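Novice: The lines below spell out each chain.
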Amino acid sequence: MSNQSAARKSKEYVRPMPVTWWLNRKTYFLFMVRELTCLFVGGYALFLLVLLAQANDADAFAAMLNSPLSVVLHLVALLMVLYHSITWINLTSKVMVVWRREDRVSPKWIAAANYVVWVALSLSIFGICWKIAGT
Amino acid sequence: MTRSNEPIWWSLFSAGGVVAAFFIPVTIILTGVAIPAGLIDVGKFNELIRHPLARVYLFVLISLPLFHWAHRFRYAVVDLGLKGLDRVLALLFYGLAIVGTSFALYYLLLL
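Top line first, the protein sequences correspond to chains C and B. Counting in our numbering, the first sequence runs from 18 upward without gaps. Counting in our numbering, the second sequence runs from 109 upward without gaps.
Only chain C is shown next, with the shape it has when bound in the complex (with noise of 0.2 Å):
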């Protein structure tokens, strides 16, 4: 943040940029998905609040979630968000330090304990949800 505030007072020469930069090289490419993930993490976090501003309407509350509009922006919001849980995992991996006695953790086993995790948590969460309101 420094160096923008610095960059912006300064009278030197900056190099325009393209807005569409990130479209000249696959990692850009991959960087700017990964980072718009978000808008489908904060979509669905919406979803969820508007679903509860008329959860007290059964009949709306039904209507919102059986239609097919909500069942496709569901389908694309997931597989943007589970590349977002995908890329999430494997970067935090790389930045925790874990250290077993002298040795430093791989990377690799942290992500896979967490996958591990995180498909336990999700199997739990649907196993409770389908146990108390399954049909």
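Hints are computed from structural coordinates only; laboratory data are not their basis. Treat each hint with caution, since some may be false.
Claimed, not checked - With the C-beta cut set under 10 Å, the calculated list includes, among others, these residues of chain C facing chain B: (1) Phe64; (2) Ile103; (3) Trp147.
Fair warning: this is a prediction, and the values are worked out from it, not measured in the lab. Ideal placement from N, C-alpha and C gives every residue a C-beta, glycine not left out.
Starting from the known structure of chain C, fit chain B onto it as the hints suggest.
Specialist: What follows is chain B alone, placed relative to chain C:
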């Protein structure tokens, strides 16, 4: 948003990233696949979300991902070329996340 505020927003972004990564996919499968497919009864699900633990779960699942969105989208927009608007965007996006959190609290207490 002064620079000294950054750790707060970054922590909320990070916490939201973890919550989104671990809990949003299964919740999307519940509301977007299992209910429309008839695996989960929508009426019983509507009762289930009233349980105190479910309310806490939903509050966390709405609030933190909103702050995750606000922080990440702020820098994505800056990266896309709107560097000059950074302060306005920060105010707007974090503000929206705070408003969303307030609404979540309101609706969850009204359930």
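Novice: Now look at each hint and say whether the structure bears it out.
Specialist: These are the hints, each one checked on the structure:
{"no.": "1", "hint": "Phe64", "in the structure": "8 Å, holds"}
{"no.": "2", "hint": "Ile103", "in the structure": "8 Å, holds"}
{"no.": "3", "hint": "Trp147", "in the structure": "7 Å, holds"}
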